[in-house]
Amino acid sequence: MSKLIFITGGVRSGKSAFAEDYAKELYQKFERKNLYYIASGVAFDREMTERIKRHQADRKKAAIQWKTIEIQDEVVFSEVIYPANSVILWECITTWLSNVLYKTEQLDSIERIIEIEKYIKTLKKQLLQWTKDGAIVILVSNEIFDEQSSTYSEVNYYRSLLGILHQWIVHHSDEAYEMDYSKIKRWK
Amino acid sequence: MQVIIGGANNGKRKFVKQQLMQHPSGKIHFFEGELPKKDSFSTEDILVIGNFKNIILPKVHLDEVVIAEEIFNRLIELNKQARVICICTDIGRGVVPMEKEERKLRDACGRLYQNLISESEDVIRIWYGLPEVLKGEGL
Numbered sequence: 117m118s119k120l121i122f123i124t125g126g127v128r129s130g131k132s133a134f135a136e137d138y139a140k141e142l143y144q145k146f147e148r149k150n151l152y153y154i155a156s157g158v159a160f161d162r163e164m165t166e167r168i169k170r171h172q173a174d175r176k177k178a179a180i181q182w183k184t185i186e187i188q189d190e191v192v193f194s195e196v197i198y199p200a201n202s203v204i205l206w207e208c209i210t211t212w213l214s215n216v217l218y219k220t221e222q223l224d225s226i227e228r229i230i231e232i233e234k235y236i237k238t239l240k241k242q243l244l245q246w247t248k249d250g251a252i253v254i255l256v257s258n259e260i261f262d263e264q265s266s267t268y269s270e271v272n273y274y275r276s277l278l279g280i281l282h283q284w285i286v287h288h289s290d291e292a293y294e295m296d297y298s299k300i301k302r303w304k
Numbered sequence: 022m023q024v025i026i027g028g029a030n031n032g033k034r035k036f037v038k039q040q041l042m043q044h045p046s047g048k049i050h051f052f053e054g055e056l057p058k059k060d061s062f063s064t065e066d067i068l069v070i071g072n073f074k075n076i077i078l079p080k081v082h083l084d085e086v087v088i089a090e091e092i093f094n095r096l097i098e099l100n101k102q103a104r105v106i107c108i109c110t111d112i113g114r115g116v117v118p119m120e121k122e123e124r125k126l127r128d129a130c131g132r133l134y135q136n137l138i139s140e141s142e143d144v145i146r147i148w149y150g151l152p153e154v155l156k157g158e159g160l
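Quick mapping for you: the protein sequence lines, in order, are chains B and F. Residue 117 is where the first sequence starts when you use the working numbering, and the numbers rise one by one after that. Residue 22 is where the second sequence starts when you use the working numbering, and the numbers rise one by one after that.
Since the hints were derived computationally from the structure, they do not count as laboratory data. Nothing here was measured: the structure is a model prediction, and the numbers come from that model. Be a bit skeptical, because a hint or two may be false.
Here are the simulated PhoX-like cross-link-like pairs (lysine-lysine), alpha carbons at most 25 Å apart as the crow flies [stated by the list, open to error]: (1) B:Lys219 to B:Lys234; (2) F:Lys48 to B:Lys304; (3) B:Lys234 to F:Lys35; (4) B:Lys304 to F:Lys38; (5) F:Lys80 to F:Lys125; (6) B:Lys237 to B:Lys304; (7) F:Lys59 to B:Lys301; (8) F:Lys35 to B:Lys304; (9) B:Lys299 to F:Lys80; (10) F:Lys35 to B:Lys240; (11) B:Lys241 to B:Lys119; (12) B:Lys248 to B:Lys149; (13) B:Lys304 to B:Lys241; (14) B:Lys140 to B:Lys177; (15) F:Lys101 to F:Lys58; (16) F:Lys35 to B:Lys241; (17) B:Lys140 to B:Lys119; (18) F:Lys101 to F:Lys80; (19) B:Lys304 to B:Lys248; (20) F:Lys48 to F:Lys59; (21) F:Lys58 to B:Lys301; (22) B:Lys140 to B:Lys183; (23) B:Lys304 to B:Lys240; (24) F:Lys74 to F:Lys59; (25) F:Lys101 to B:Lys237.
Start from the sequences, fold in the hints, and give me the full structure.
If you want it as structure tokens, here you go:
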């Protein structure tokens, strides 16, 4: 049994709560041994530190214990994950991709594009491998595609990378959800 | 007329291409950021028109309603000759832009989309490649 689940929505749409509840539900339903939380948020200011703390506190309060793994950019794991007995929640793809963009900032444009593509390829490979090996994977991301294109090329580049990545994820997903104001719309 | 609507980078054009390839029904012409100028299309022709932002841009000094009407009327004209498919990129959900011109552009775009959607037989929203029929049938 494996599953790839994609959840996206606007800011404060309730997607984290939904994703975490759903992960716990699947963890119990399929009698998995591990519940992983892959965190990609980087605390670059006080507000972000508070945000991360709030998310951590929420998970600590939970009856089921999460194992948190931090993945900022490199898709490399410090501990062995056994996909077949795990539920893996990754929050979120949006921050992971922006970390990758920051990380590669100093490179020349062509070199940078190649490097970024490499990161994305590694991510895709990892996701496919997990689902092949029986993992239940839930990916959370953001909706940032319904406003005017930016005057900054970096922002537009980021948006197009993320949009294309979302298309890929949705294509490979077993379930895909869009959240708006806590209302859940199932697309797939 | 048919409308494909969705956010940027959601695979709207890819969807249109896939659908038209599956059921070939005419000669496809793509127009990005400009309206077809000539008037000699036939019912065999399929006009896929996208990037309305750039179509509006040269008219941005005009009144919002006038901009939307001018473009809308031209599309109605074209739709009498050929099959028109409009690719509408939703740009109305972000923060109100600081620049006056950007605000106008956004407003005119929204106004035009309303007209197009009300006129079209089929309206399909695309979300990362997946279609949702909002009105009528599929493509």
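Checked hints:
1. B:Lys219 to B:Lys234: Holds. Lys219 of chain B to Lys234 of chain B sits at ~13 Å (cutoff 25 Å).
2. F:Lys48 to B:Lys304: violated, 32 Å
3. B:Lys234 to F:Lys35: Judged against 25 Å, a Cα distance of about 24 Å means the pair holds.
4. B:Lys304 to F:Lys38: Holds. Lys304 of chain B to Lys38 of chain F sits at ~21 Å (cutoff 25 Å).
5. F:Lys80 to F:Lys125: holds, 10 Å
6. B:Lys237 to B:Lys304: holds, 24 Å
7. F:Lys59 to B:Lys301: violated, 43 Å
8. F:Lys35 to B:Lys304: holds, 18 Å
9. B:Lys299 to F:Lys80: With Cα atoms ~38 Å apart, Lys299 of chain B and Lys80 of chain F exceed 25 Å; violated.
10. F:Lys35 to B:Lys240: holds, 21 Å
11. B:Lys241 to B:Lys119: holds, 15 Å
12. B:Lys248 to B:Lys149: holds, 18 Å
13. B:Lys304 to B:Lys241: Status holds; Cα separation ~22 Å.
14. B:Lys140 to B:Lys177: holds, 13 Å
15. F:Lys101 to F:Lys58: holds, 15 Å
16. F:Lys35 to B:Lys241: Answer holds: Lys35 of chain F to Lys241 of chain B is near 23 Å, not above 25 Å.
17. B:Lys140 to B:Lys119: holds, 14 Å
18. F:Lys101 to F:Lys80: holds, 24 Å
19. B:Lys304 to B:Lys248: OK: Lys304 of chain B and Lys248 of chain B at ~20 Å, within 25 Å.
20. F:Lys48 to F:Lys59: Distance ~16 Å between Lys48 of chain F and Lys59 of chain F Cα, so the pair holds.
21. F:Lys58 to B:Lys301: Not satisfied, since the Cα-Cα distance of roughly 41 Å exceeds 25 Å.
22. B:Lys140 to B:Lys183: Status holds; Cα separation ~12 Å.
23. B:Lys304 to B:Lys240: Given that 25 Å is the threshold and the Cα spacing comes to 19 Å, the pair holds.
24. F:Lys74 to F:Lys59: The hint holds at about 21 Å.
25. F:Lys101 to B:Lys237: Violated: Lys101 of chain F and Lys237 of chain B sit about 46 Å apart, past 25 Å.
Checked against the numbered hints listed earlier, the structure breaks hints 2, 7, 9, 21 and 25; every other hint is satisfied.
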